[in-house]
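Undergrad: Based on the sequences and whatever the hints tell you, model everything.
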Amino acid sequence: MYFPVSGVEVFPLIPPLVAFAVSSITASAGVSGAFFLLPFQVSVLGFSTPAVSPTNLIYNIIAIPGGLYRYIKEGRMAWPLTWVVILATLPGVFAGAIIRIKYLPEPGAFKFFVGLVLLYLGVRLLYETTGRYIKSRAQTKAIEQKFRERVSQVKGETKLRLAAGLPVEAVVKTKHATLSRIEYEFWGETFSFSTFTVFFVALIVGIIGGIYGIGGGAILAPFYVSILGLPVYTVAGAALAGTFLTSIAGVIFFHALALTPMASQAAVAPDWALGTLFGVGGLLGT
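Just so you know, we're using my numbering here: the sequence shown kicks off at 353 and counts up by one.
Some hints here could point you the wrong way.
[As the list claims (entries may be wrong)] Using C-beta positions, here's what the derived DEER-type ranges look like:
#	residue 1	residue 2	range
1	Trp-624	Gly-418	18 to 26 Å
2	Ser-395	Phe-551	29 to 37 Å
3	Thr-482	Ala-608	39 to 47 Å
4	Glu-361	Trp-435	17 to 25 Å
Please keep in mind that the hints were generated in silico from the structure rather than gathered at the bench.
We put the CB at the ideal spot given by N, CA and C, even for glycine.
TA: Okay, here's the thing in C-alpha coordinates:
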(Lines of atoms letter the chains of each structure in order from A; the text may use other names.)
(Lines give C-alpha, C1' and ligand atoms only; values in the text may rest on other atoms or scores of the structure.)
Protein backbone atom coordinates (compact mmCIF):
# COMPACT_ATOMS: atom_id res chain seq x y z
CA MET A 353 0.00 0.00 0.00
CA TYR A 354 1.32 3.43 -0.95
CA PHE A 355 0.92 6.48 1.30
CA PRO A 356 1.32 9.59 -0.90
CA VAL A 357 1.80 12.12 1.91
CA SER A 358 4.81 10.34 3.42
CA GLY A 359 5.94 8.52 0.29
CA VAL A 360 5.96 5.25 2.26
CA GLU A 361 5.06 1.96 0.61
CA VAL A 362 4.38 -0.89 3.05
CA PHE A 363 2.01 -3.82 3.55
CA PRO A 364 -0.94 -2.27 5.47
CA LEU A 365 -0.85 -4.79 8.33
CA ILE A 366 2.76 -4.01 9.22
CA PRO A 367 2.18 -0.60 10.93
CA PRO A 368 -0.65 -1.78 13.22
CA LEU A 369 1.18 -4.99 14.13
CA VAL A 370 4.34 -3.10 15.08
CA ALA A 371 2.31 -0.56 17.07
CA PHE A 372 0.37 -3.33 18.82
CA ALA A 373 3.59 -4.99 19.97
CA VAL A 374 5.05 -1.71 21.23
CA SER A 375 1.91 -0.52 23.02
CA SER A 376 1.27 -3.83 24.78
CA ILE A 377 4.71 -3.57 26.39
CA THR A 378 4.85 0.11 27.30
CA ALA A 379 1.31 1.21 28.28
CA SER A 380 1.43 -0.14 31.85
CA ALA A 381 4.32 2.21 32.67
CA GLY A 382 2.48 5.30 31.46
CA VAL A 383 4.45 5.37 28.21
CA SER A 384 2.71 5.24 24.83
CA GLY A 385 5.69 3.74 22.98
CA ALA A 386 5.85 6.46 20.32
CA PHE A 387 9.58 6.84 20.93
CA PHE A 388 10.03 3.30 19.56
CA LEU A 389 7.81 3.87 16.53
CA LEU A 390 9.60 6.92 15.19
CA PRO A 391 12.93 5.11 14.58
CA PHE A 392 10.92 2.38 12.82
CA GLN A 393 9.33 4.96 10.53
CA VAL A 394 12.61 6.74 9.84
CA SER A 395 14.98 3.80 9.45
CA VAL A 396 12.70 1.00 8.20
CA LEU A 397 10.00 2.86 6.26
CA GLY A 398 12.29 5.67 5.09
CA PHE A 399 9.94 8.42 6.32
CA SER A 400 12.28 11.18 7.49
CA THR A 401 10.73 14.54 6.52
CA PRO A 402 9.43 16.83 9.30
CA ALA A 403 5.98 15.31 8.65
CA VAL A 404 7.06 12.14 10.46
CA SER A 405 6.95 13.95 13.81
CA PRO A 406 3.22 14.86 13.75
CA THR A 407 2.44 11.49 12.14
CA ASN A 408 3.99 9.86 15.19
CA LEU A 409 1.81 12.06 17.41
CA ILE A 410 -1.33 10.75 15.66
CA TYR A 411 -0.42 7.33 17.03
CA ASN A 412 -0.59 8.79 20.55
CA ILE A 413 -3.97 10.43 19.95
CA ILE A 414 -5.57 7.15 18.88
CA ALA A 415 -3.65 4.68 21.06
CA ILE A 416 -3.74 6.41 24.45
CA PRO A 417 -7.48 6.85 25.32
CA GLY A 418 -8.02 3.18 26.22
CA GLY A 419 -5.24 3.10 28.79
CA LEU A 420 -6.04 6.59 30.05
CA TYR A 421 -9.68 5.67 30.68
CA ARG A 422 -8.55 2.74 32.80
CA TYR A 423 -6.37 4.94 35.02
CA ILE A 424 -9.18 7.48 35.49
CA LYS A 425 -11.69 4.76 36.38
CA GLU A 426 -9.31 3.21 38.90
CA GLY A 427 -8.76 6.57 40.64
CA ARG A 428 -5.04 6.56 39.88
CA MET A 429 -4.83 10.03 38.36
CA ALA A 430 -2.68 12.60 40.15
CA TRP A 431 -4.59 15.51 38.62
CA PRO A 432 -2.47 18.42 39.92
CA LEU A 433 0.63 16.74 38.48
CA THR A 434 -1.22 16.15 35.21
CA TRP A 435 -2.23 19.78 34.75
CA VAL A 436 1.20 21.17 35.62
CA VAL A 437 2.74 18.91 32.99
CA ILE A 438 0.17 19.87 30.37
CA LEU A 439 0.59 23.61 30.97
CA ALA A 440 4.37 23.28 30.66
CA THR A 441 4.59 20.92 27.69
CA LEU A 442 2.16 22.81 25.43
CA PRO A 443 4.47 25.80 24.78
CA GLY A 444 7.41 23.39 24.68
CA VAL A 445 5.82 21.29 21.93
CA PHE A 446 5.12 24.42 19.88
CA ALA A 447 8.74 25.54 20.20
CA GLY A 448 9.92 22.03 19.35
CA ALA A 449 7.80 21.96 16.19
CA ILE A 450 9.41 25.20 15.00
CA ILE A 451 12.90 23.87 15.74
CA ARG A 452 12.13 20.64 13.86
CA ILE A 453 11.01 22.48 10.73
CA LYS A 454 13.52 25.33 10.77
CA TYR A 455 16.71 23.74 12.08
CA LEU A 456 16.35 19.95 11.73
CA PRO A 457 14.61 19.36 8.38
CA GLU A 458 17.43 17.21 7.00
CA PRO A 459 17.35 13.45 7.72
CA GLY A 460 20.96 13.31 8.93
CA ALA A 461 20.60 15.99 11.58
CA PHE A 462 17.24 14.63 12.72
CA LYS A 463 18.55 11.07 13.01
CA PHE A 464 21.42 12.36 15.15
CA PHE A 465 18.92 14.05 17.46
CA VAL A 466 16.81 10.89 17.65
CA GLY A 467 19.96 8.93 18.48
CA LEU A 468 20.74 11.25 21.38
CA VAL A 469 17.24 10.82 22.82
CA LEU A 470 17.42 7.04 22.52
CA LEU A 471 20.91 7.06 24.05
CA TYR A 472 19.56 8.94 27.06
CA LEU A 473 16.71 6.45 27.46
CA GLY A 474 19.15 3.55 27.17
CA VAL A 475 21.45 5.02 29.83
CA ARG A 476 18.42 5.49 32.09
CA LEU A 477 17.48 1.83 31.71
CA LEU A 478 21.02 0.74 32.58
CA TYR A 479 21.07 3.02 35.63
CA GLU A 480 17.85 1.46 36.88
CA THR A 481 19.64 -1.89 37.16
CA THR A 482 22.26 -0.53 39.57
CA GLY A 483 22.22 -1.10 43.31
CA ARG A 484 22.11 2.61 44.04
CA TYR A 485 18.88 3.04 42.09
CA ILE A 486 17.28 -0.07 43.57
CA LYS A 487 18.11 1.10 47.10
CA SER A 488 16.65 4.56 46.48
CA ARG A 489 13.40 2.97 45.30
CA ALA A 490 12.93 0.71 48.33
CA GLN A 491 10.03 2.65 49.88
CA THR A 492 7.98 3.09 46.72
CA LYS A 493 8.70 -0.51 45.70
CA ALA A 494 7.18 -1.70 48.97
CA ILE A 495 4.05 0.36 48.36
CA GLU A 496 3.75 -0.91 44.78
CA GLN A 497 4.13 -4.49 46.00
CA LYS A 498 1.27 -3.95 48.47
CA PHE A 499 -0.83 -2.60 45.64
CA ARG A 500 -0.10 -5.59 43.37
CA GLU A 501 -0.92 -8.05 46.16
CA ARG A 502 -4.20 -6.29 46.90
CA VAL A 503 -5.14 -6.26 43.21
CA SER A 504 -4.47 -10.00 42.95
CA GLN A 505 -6.56 -10.62 46.06
CA VAL A 506 -9.47 -8.58 44.73
CA LYS A 507 -9.38 -10.34 41.38
CA GLY A 508 -9.27 -13.74 43.02
CA GLU A 509 -12.04 -13.11 45.53
CA THR A 510 -14.56 -11.07 43.58
CA LYS A 511 -13.82 -11.61 39.90
CA LEU A 512 -14.76 -7.96 39.42
CA ARG A 513 -12.96 -5.25 37.53
CA LEU A 514 -9.83 -3.82 39.10
CA ALA A 515 -11.30 -0.65 40.59
CA ALA A 516 -14.36 -2.33 42.09
CA GLY A 517 -12.69 -3.69 45.22
CA LEU A 518 -9.74 -1.38 45.86
CA PRO A 519 -9.53 0.10 49.34
CA VAL A 520 -9.61 3.85 49.84
CA GLU A 521 -5.83 3.98 50.36
CA ALA A 522 -5.22 2.59 46.86
CA VAL A 523 -6.47 5.67 45.04
CA VAL A 524 -4.65 8.98 44.64
CA LYS A 525 -5.96 11.71 46.97
CA THR A 526 -4.73 15.29 46.56
CA LYS A 527 -3.90 16.85 49.93
CA HIS A 528 -2.31 20.14 48.93
CA ALA A 529 -1.76 21.89 45.59
CA THR A 530 -0.25 25.37 45.20
CA LEU A 531 2.02 27.17 42.77
CA SER A 532 5.01 26.16 44.88
CA ARG A 533 4.26 22.60 45.98
CA ILE A 534 1.94 19.65 45.33
CA GLU A 535 1.21 16.91 47.86
CA TYR A 536 -0.90 13.77 47.53
CA GLU A 537 -1.55 10.53 49.38
CA PHE A 538 -1.41 6.96 48.08
CA TRP A 539 -1.76 3.80 50.18
CA GLY A 540 -1.33 5.68 53.44
CA GLU A 541 1.90 7.37 52.33
CA THR A 542 2.27 11.05 51.48
CA PHE A 543 4.31 12.23 48.50
CA SER A 544 5.18 15.80 47.58
CA PHE A 545 7.24 17.66 44.99
CA SER A 546 8.06 21.16 43.78
CA THR A 547 5.58 22.52 41.24
CA PHE A 548 8.26 24.69 39.64
CA THR A 549 10.66 21.75 39.22
CA VAL A 550 8.04 19.68 37.42
CA PHE A 551 7.00 22.65 35.27
CA PHE A 552 10.58 23.41 34.19
CA VAL A 553 11.42 19.79 33.37
CA ALA A 554 8.12 19.34 31.50
CA LEU A 555 8.83 22.46 29.44
CA ILE A 556 12.20 21.07 28.32
CA VAL A 557 10.65 17.68 27.63
CA GLY A 558 7.91 19.40 25.62
CA ILE A 559 10.54 20.95 23.35
CA ILE A 560 12.19 17.56 22.87
CA GLY A 561 8.81 15.97 22.24
CA GLY A 562 7.86 18.57 19.64
CA ILE A 563 11.06 17.87 17.71
CA TYR A 564 10.96 14.09 18.07
CA GLY A 565 7.21 13.52 17.73
CA ILE A 566 6.42 12.18 21.19
CA GLY A 567 4.32 13.47 24.06
CA GLY A 568 7.21 13.14 26.51
CA GLY A 569 5.89 10.41 28.80
CA ALA A 570 8.90 8.20 28.11
CA ILE A 571 11.16 10.88 29.58
CA LEU A 572 8.88 12.27 32.28
CA ALA A 573 7.77 8.95 33.80
CA PRO A 574 11.33 7.92 34.84
CA PHE A 575 11.88 11.44 36.19
CA TYR A 576 8.75 11.19 38.36
CA VAL A 577 9.81 7.81 39.72
CA SER A 578 13.58 8.04 40.13
CA ILE A 579 14.10 11.74 40.88
CA LEU A 580 10.87 12.74 42.63
CA GLY A 581 10.42 9.31 44.26
CA LEU A 582 6.77 8.95 43.24
CA PRO A 583 5.15 5.48 42.89
CA VAL A 584 4.76 4.42 39.28
CA TYR A 585 1.12 3.48 39.90
CA THR A 586 0.34 7.12 40.68
CA VAL A 587 2.24 8.78 37.82
CA ALA A 588 1.52 6.48 34.88
CA GLY A 589 -1.92 8.00 34.34
CA ALA A 590 -0.57 11.54 34.57
CA ALA A 591 2.14 10.71 32.03
CA LEU A 592 -0.41 9.26 29.60
CA ALA A 593 -2.80 12.20 30.01
CA GLY A 594 -0.03 14.70 29.41
CA THR A 595 1.17 12.78 26.37
CA PHE A 596 -2.36 12.58 24.96
CA LEU A 597 -3.23 16.27 25.21
CA THR A 598 0.17 17.53 24.09
CA SER A 599 0.04 15.18 21.10
CA ILE A 600 -3.25 16.75 20.02
CA ALA A 601 -1.69 20.19 20.37
CA GLY A 602 1.42 19.06 18.50
CA VAL A 603 -0.56 17.87 15.48
CA ILE A 604 -2.46 21.17 15.43
CA PHE A 605 0.81 23.13 15.64
CA PHE A 606 2.37 21.22 12.74
CA HIS A 607 -0.77 21.68 10.62
CA ALA A 608 -0.68 25.41 11.32
CA LEU A 609 3.03 25.67 10.55
CA ALA A 610 2.47 23.79 7.27
CA LEU A 611 0.53 26.85 6.08
CA THR A 612 3.40 29.26 6.76
CA PRO A 613 6.42 30.15 4.58
CA MET A 614 8.58 28.30 7.10
CA ALA A 615 7.33 24.99 5.68
CA SER A 616 7.85 25.86 2.01
CA GLN A 617 10.93 23.66 1.63
CA ALA A 618 9.71 20.48 3.35
CA ALA A 619 6.66 18.28 3.95
CA VAL A 620 5.28 19.24 7.36
CA ALA A 621 1.62 18.16 7.62
CA PRO A 622 1.15 14.63 9.05
CA ASP A 623 0.26 11.51 7.09
CA TRP A 624 -3.12 10.76 8.66
CA ALA A 625 -3.59 7.41 6.93
CA LEU A 626 -0.26 6.01 8.13
CA GLY A 627 -0.62 7.55 11.58
CA THR A 628 -4.10 6.05 11.94
CA LEU A 629 -2.84 2.55 11.15
CA PHE A 630 -0.20 2.90 13.86
CA GLY A 631 -2.79 4.32 16.24
CA VAL A 632 -5.28 1.49 15.76
CA GLY A 633 -2.58 -1.07 16.52
CA GLY A 634 -1.55 0.89 19.60
CA LEU A 635 -5.13 1.16 20.85
CA LEU A 636 -5.61 -2.60 20.57
CA GLY A 637 -2.38 -3.14 22.49
CA THR A 638 -3.28 -1.03 25.55
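Undergrad: Does each hint hold? Answer for all of them.
TA: Status of each hint after checking the structure:
no., hint, in the structure
1, Trp-624 <-> Gly-418: 18 to 26 Å, "holds (20 Å)"
2, Ser-395 <-> Phe-551: 29 to 37 Å, "holds (34 Å)"
3, Thr-482 <-> Ala-608: 39 to 47 Å, "holds (44 Å)"
4, Glu-361 <-> Trp-435: 17 to 25 Å, "violated (42 Å)"
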